[in-house]
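*Asks:* Sequence:
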Amino acid sequence: MWSWREQLSRNKTTYLRVGLLVLFLLPAMAPFFRPGYFWNANDARHDVYFIFEYHRAVEDGILFPRWSPDFTFGYGYPFFNVYAPLAVQVGEVLHLMGWSFTAAVKGVFILSILLSAMAMFTFAREWLSPWAAWLAALVYTYAPYHLFDMYQRAAMAESFSFMWLPWVLQGVRRSMRDRGPGGIWLLALAYGGLMLTSNLVAVLFTPVVILYTLFSLGHLWWTRKEWTWGWITRPLVGGLLGLGLSAWFWLPALAEFRYVNQEQWYGGYYDFHQHFVYFFQLFSPHWGFGISVPGPDDVISYQLGLVPYLLALAGLWHTLHTRDGEIRRHGLLFLLTLVGAIFLTTGASAWLWDHIPGIAFAQFPWRYLLLAVLSLSLLVGIGYTRVRSVWIWVAAVLLLWGSAPYLRVQVSEPLPEQGPVGLPALMRFQASAHEMTGVTVYATRVPTWSGLAEQMVRGTDVRTRVDFGHVERDPGLEVRVLGYTSREDRVWYRAEGEGHAIVFNRQMYPGWKAYIYDAQGQRVEQVLSWEDMGTEPPYGLVRVPVPAGEHILVLRFEDTWPRRVGKALSWITAIGLFSWFIHSKSRRRATAGGSSEHHATQNHASRGR
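Residue numbers are given in this note's numbering: position 215 of the sequence shown equals residue 215, and the series is strictly consecutive.
Errors might be hidden in some of the hints.
Below, simulated DSSO-like cross-link-like pairs (lysine-lysine); rule was C-alpha separation at most 30 Å, straight line [stated by the list, open to error]: (1) Lys12 - Lys567; (2) Lys567 - Lys585; (3) Lys513 - Lys585.
DEER-style ranges, computed between Cβ atoms [claimed, not checked]: (4) Thr460 - Ala433: 22 to 28 Å; (5) Gly347 - Pro207: 18 to 24 Å; (6) Thr13 - Trp391: 16 to 22 Å; (7) Val527 - Trp580: 58 to 64 Å; (8) Pro405 - Gly267: 34 to 40 Å; (9) Pro296 - Glu413: 41 to 47 Å; (10) Phe64 - Ser100: 35 to 41 Å; (11) Thr228 - Arg56: 50 to 56 Å; (12) Ser100 - Thr444: 17 to 23 Å; (13) Gln410 - Lys12: 54 to 60 Å; (14) Val524 - Gly267: 55 to 61 Å; (15) Glu413 - Glu558: 47 to 53 Å; (16) Glu488 - Gly347: 22 to 28 Å; (17) Ala548 - Val237: 53 to 59 Å.
Read the hints as simulated data drawn from the structure, not as lab findings.
Positions of the beta carbon are idealized from the N, C-alpha and C atoms, including for glycine.
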């Protein structure tokens with residue numbers, strides 16, 4: 001009875017801390033409760049149209065789309081094949097629940113605030129005092145770069161990925177220390193979730209995970225004076241299971257990324273040499289709205305925050321003076337990560353960016369501030385793990401006071417030429433911002449408009465992607481539309497003689513497949529994969545060579561072998577994890593039942609005596 005009361009009292013204390021944490025998070029969430037939408041934030045319009053495109057695919061019965069049919073002025077783009085979709089999927093769920101597209105975006109940001117704070121709290125609470133973990137969660141939320149990511153950049157995927165970082169580290173720690181499977185499961189779910197939320201952040205963060213694993217390994221070996229292979233195999237299994245769960249996305253993304261034009265996103269404005277952070281910008285309290293520009297005159301902020309810096313000094317002091325080996329190890333590790341992340345944002349690291357593969361995947365050097373925020377938050381927690389709770393409250397109030405000037409978004413209405421969310425507005429957005437106009441490697445020119453875009457702006461329904469302009473220029477070819485969806489065209493055609501082709505206003509990319517049936521559509525006479533077709537310049541459109549006579553042609557976007565293998569791996573991993581979970585729970589119940597029966601027998605025997 002006493003242990004039950006003690007556990008209940010402990011749970012009440014935990015619930016109190018969680019409740020207070022949510023209360024202190026309200027100022028960070030408040031800007032998203034304001035009426036209106038922050039249309040002028042860097043990616044705010046992108047976020048809306050990512051969910052919009054995903055929803056159009058869902059309406060066509062495609063639950064996990066890879067092709068975005070309306071991007072690039074209607075020529076389409078394999079956006080969800082190369083861009084991690086989880087944050088967009090969460091937004092789509094909110095939209096299906098009745099939320100508007102803009103409200104769904106704001107809902108994703110609100111969830112990201114709550115979940116990232118809870119993740120930091122649960123991770124830090126395992127090796128710091130509960131109130132120190134509580135403060136670390138607040139710093140993780142209110143660090144200026146985190147606010148910048150949400151309010152100024154509107155970086156939905158990156159902001160949502162904040163929640164996975166602490167949980168990945170917690171999974172590593174638990175899997176190395178606990179004999180049960182819980183740590184492995186946590187690591188698998190967290191690392192898989194990170195891969196599905198932001199492949200970019202996953203690439204940036206994976207070296208930190210490896211470093212954390214090595215530091216933990218060294219600490220266990222040093223303190224226990226023994227070696228156990230489970231310290232390596234268990235986190236390795238968790239990481240591999242995470243890769244398995246997310247293989248349906250990352251495997252085709254990795255295999256087919258070479259078929260999109262990468263120079264678009266790494267050259268010109270996106271050249272990382274133009275976006276290094278100047279050292280003074282890491283401390284400047286300036287806060288404005290705009291985009292990253294070359295040189296030191298950015299209107300946006302790259303600071304980590306004066307209050308977090310000052311609070312972290314206590315963590316540095318405690319790291320250098322504590323006798324607690326685990327806290328000292330964590331402090332040194334995250335101090336190293338903080339310094340390394342800041343270094344990679346500055347021009348002093350240019351040589352590394354030029355010569356070490358993978359670093360430049362970040363695109364903008366200041367993205368490494370994400371790792372700095374993680375490290376700074378934990379250093380603050382370390383500094384306050386041995387102090388009275390009153391100083392925790394003082395630090396929390398100082399943190400909110402220092403963040404107050406930054407807790408705002410620029411609410412604005414859509415520009416008059418854009419109108420409400422829809423296809424016409426999407427076309428105008430692409431034309432005015434030159435965004436969402438990605439092309440594949442088959443294009444020799446990036447389009448600036450199209451006949452499809454003109455049709456959508458006029459409000460005319462698009463009922464086919466056949467290029468009838470090309471058909472009209474071919475007197476020996478007749479085409480009639482039979483059906484159309486976002487990933488399929490079905491047409492009847494008559495070709496007089498050989499040498500004819502039907503051009504579709506869809507960009508060529510692996511996965512397009514053409515089926516040529518007889519005139520009645522009963523028997524397949526020919527199947528052409530994307531490798532067997534041609535492309536129509538200059539935009540690299542699908543060009544299907546057709547045999548003579550009357551036939552029915554079906555062009556469909558299907559899974560390639562990397563997509564099929566990735567799906568199979570994910571299904572096998574998910575089923576395996578679920579079976580492991582059920583088996584583990586059954587064994588635990590059986591063990592608990594046997595233990596209870598044993599105690600009952602002993603009690604009965606003692607009464608008999």
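*Asks:* The hint says 55 to 61 Å between valine 524 and glycine 267; measuring C-beta to C-beta, is that right?
*Replies:* Taking Cβ atoms as reference, valine 524 and glycine 267 lie about 43 Å apart, which means the hint is violated.
*Asks:* Does the alpha-carbon distance linking lysine 513 and lysine 585 stay inside the 30 Å limit?
*Replies:* 46 Å, violated
*Asks:* Decide if the proposed pair is consistent with the structure: lysine 12 and lysine 567, CA atoms, cutoff 30 Å inclusive.
*Replies:* 43 Å, violated
*Asks:* Does the beta carbon distance between proline 296 and glutamate 413 stay inside 41 to 47 Å, or does it fall outside?
*Replies:* Violated: the Cβ-Cβ distance is about 33 Å, outside 41 to 47 Å.
*Asks:* Given the hinted pair lysine 567 and lysine 585, is their alpha-carbon gap at most 30 Å?
*Replies:* Answer holds: lysine 567 to lysine 585 is near 27 Å, not above 30 Å.
*Asks:* Cβ-Cβ distance between glutamine 410 and lysine 12: within 54 to 60 Å?
*Replies:* 42 Å, violated
*Asks:* Starting from the range 53 to 59 Å, see whether the pair alanine 548 and valine 237 falls in it by beta-carbon distance.
*Replies:* 58 Å, holds
*Asks:* Would you say the C-beta atoms of threonine 460 and alanine 433 sit inside 22 to 28 Å of each other?
*Replies:* 23 Å, holds
*Asks:* Note whether the CB distance of glutamate 413 and glutamate 558 lies within 47 to 53 Å or breaks it.
*Replies:* 41 Å, violated
*Asks:* Is the hinted range of 17 to 23 Å satisfied by the C-beta distance from serine 100 to threonine 444?
*Replies:* This hint is violated: roughly 39 Å between Cβ atoms.
*Asks:* For the pair glycine 347 and proline 207, does the Cβ-Cβ distance stay inside 18 to 24 Å?
*Replies:* 21 Å, holds
*Asks:* Using the beta carbons of proline 405 and glycine 267, state whether their distance is inside 34 to 40 Å or not.
*Replies:* 36 Å, holds
In summary, the numbered hints that this structure violates are 1, 3, 7, 9, 10, 12, 13, 14, 15, 16.
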